[in-house]
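So the protein sequences, as listed, match chains A and B.
Numbering-wise, the first sequence is residues 682 to 896 according to the working numbering.
Numbering-wise, the second sequence is residues 68 to 428 according to the working numbering.
Derived by calculation from the structure, the hints in this document are not laboratory data.
All values derive from a computational prediction rather than experimental measurement.
Positions of the beta carbon are idealized from the N, C-alpha and C atoms, including for glycine.
Don't take each hint at face value.
Restraint ranges, calculated between C-beta atoms of paired labels, are given here [what the hints assert, rightly or not]: (1) Asp133(B) to Ile739(A): 42 to 52 Å; (2) Gln792(A) to Met144(B): 39 to 49 Å; (3) Arg829(A) to Arg128(B): 22 to 32 Å; (4) Gly216(B) to Ser725(A): 40 to 50 Å; (5) Arg741(A) to Glu145(B): 36 to 46 Å; (6) Leu98(B) to Gly736(A): 48 to 58 Å.
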Amino acid sequence: VGVAFPLLQALQRVNGRLLEENPSESLLFDVVLITSDSQQQQQSSRIISNTRHHGLEISRFCFSSEEDFTESLLKNNVHLFLTTDRDEAAQASQKGVFSALLNGKVASSEQLRVVFCGDAVIRTDAEPPSASQDAAQSFWAQLGEMRRRFGMLDSPLSLVLLTSRGGRESCGTALQTLRSRGVNMDEAYSLAGAPRSPILSLLRPHFLLINHLED
Amino acid sequence: MSEIKLTESAPTEDNGEEKDWAAAKAFFDNLKTNKPRPPKPRYAVTIAVSSRTLFNMVKERKVYEDEGLEKYVAYQMEHESEPLMPGAAFPFVQALMNVNSRLRQLYPDSEELFDIVLMTNNHAQVGVRLINSINHYDLSIERFCMTGGESPIGYLKAYMTNLYLSKNSDKVTEAIEEGIAAATMFTADTDNELSKTQLRVAFDGDAVLFSDESEIIVKQHGLDTFFEHEKEFENKPLAQGPLKCFLEALGKLQRKFIAKNERLNCPIRTFLVTARSAASSGARVLKTLRSWGLEIDEALFLAGAPKGPLLQKIKPHIFFDDQMFHIEGAQQMGTISAHVPYGIGQKYHKGKLIEQPPKKE
Chain A
682 VGVAFPLLQA LQRVNGRLLE ENPSESLLFD VVLITSDSQQ QQQSSRIISN
732 TRHHGLEISR FCFSSEEDFT ESLLKNNVHL FLTTDRDEAA QASQKGVFSA
782 LLNGKVASSE QLRVVFCGDA VIRTDAEPPS ASQDAAQSFW AQLGEMRRRF
832 GMLDSPLSLV LLTSRGGRES CGTALQTLRS RGVNMDEAYS LAGAPRSPIL
882 SLLRPHFLLI NHLED
Chain B
68 MSEIKLTESA PTEDNGEEKD WAAAKAFFDN LKTNKPRPPK PRYAVTIAVS
118 SRTLFNMVKE RKVYEDEGLE KYVAYQMEHE SEPLMPGAAF PFVQALMNVN
168 SRLRQLYPDS EELFDIVLMT NNHAQVGVRL INSINHYDLS IERFCMTGGE
218 SPIGYLKAYM TNLYLSKNSD KVTEAIEEGI AAATMFTADT DNELSKTQLR
268 VAFDGDAVLF SDESEIIVKQ HGLDTFFEHE KEFENKPLAQ GPLKCFLEAL
318 GKLQRKFIAK NERLNCPIRT FLVTARSAAS SGARVLKTLR SWGLEIDEAL
368 FLAGAPKGPL LQKIKPHIFF DDQMFHIEGA QQMGTISAHV PYGIGQKYHK
418 GKLIEQPPKK E
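Given these sequences and hints, build the entire structure.
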């Protein structure tokens, strides 16, 4: 199994709980598998049957060429693109697709844990938002709405805010800004320059969302 | 304190860390306010306080206990702009801040300072009120963990915490078991006038600075055996207790003042307040401290007399003891006390063995 396996399982759990709360729920996670690797494309039927075998619910398989890659993402109305390839992520981001790197070392937890590095939240309000930032905001708004379907205890997903560089006021302002956009964070960590990795290994994010990929 | 080892390959991770640190430093240095920036954790003496020790949240706690989590969070959000009242650890935190400003005057480039971290398992939405309250009093707290229900123990280690203060004795016990100095805070019944210029910390000896090995002898074999034993082993250092490392950290900072000829004006003063008597069992304690290279400013041997009246004169910002009997005595006479749930003292109350309920699995 690959790096994204625990993530997909966690996404499916959230979907399961959403449908439990409301069988006609339409705000669900929809997973698209995309590859531009021609070798993988030749193995497409094997990939598809493997995902079925492991019980992964993947709604669409997208085999595109390297040039049309980001076009495919946009055409498929992808809200978040995850990859372990930094260049791929940067490329997609430039074209306005909200992208993030999959953490290779994540410890799997039952709960879907989404960590947002909030240092840039304040800045986005000052500068004109880029296409990628718009995509990010839209993703977060949807995630916020999804989170509201559950109560405080026993939620299958947890939204975590992490600020690395500013102090408590930056984190506090980020919390309130996000709240005004309909995103209520569950956890908040202000590092103010303290080392990130010990905290991240405790947070166990399935994915780590940063506004700017240069970080 | 054990070193936190990074499991990633050193160069890239250090680069990331250094970038974060440099960016944080730049952020604070560029602020228009003269807000002091937090020190580098590796060099700092890190004190983690819970929200209920920093602020008085008795009313809010009642809402939580009577009406549940959702009502509690809603209540906090409703009252978000109302600053909370100070809690038991508040004077201690202010005293730490004062030491920091003295240290910054003498050593403007040093990272050896107190670092105060808010460690709470409150929900981040409650956090907004906590941040607003910290802003209101302008406390130097820039780092926090609001874990939304998860245990803070892992985060204590990640922050290389030197002392953890909480109202929750289970968390404190867990921290001690993980090798972190910790104590459960109790508010005082009256308000003593505490020093605004000097941090004053009082420690009990056995089972706080030292292990409970001698305490065990008293409880199981009586005072006479204890006296004989201590005389016989006078020159053998006692093993260390859960708060020894914190005393050590305080000593490290004290020496920085001494190095600048500020011994008489040192803003940190430590006290040993022990039921031992100077004549019979006191020597071993002093010799142990000496063998550890630690100094304590005042050693007070009570020979069994109650600690309350003496503590009332000393007026420490915090007093650590392992026995609830002493904590209660101190509390009644206006001293802010912190219980260290360690050692054999936990099984006794006022000299009698407590009936232990069957251990929960």
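**Item:** In rising order, the numbers of the hints this structure does not comply with
**Value:** 2
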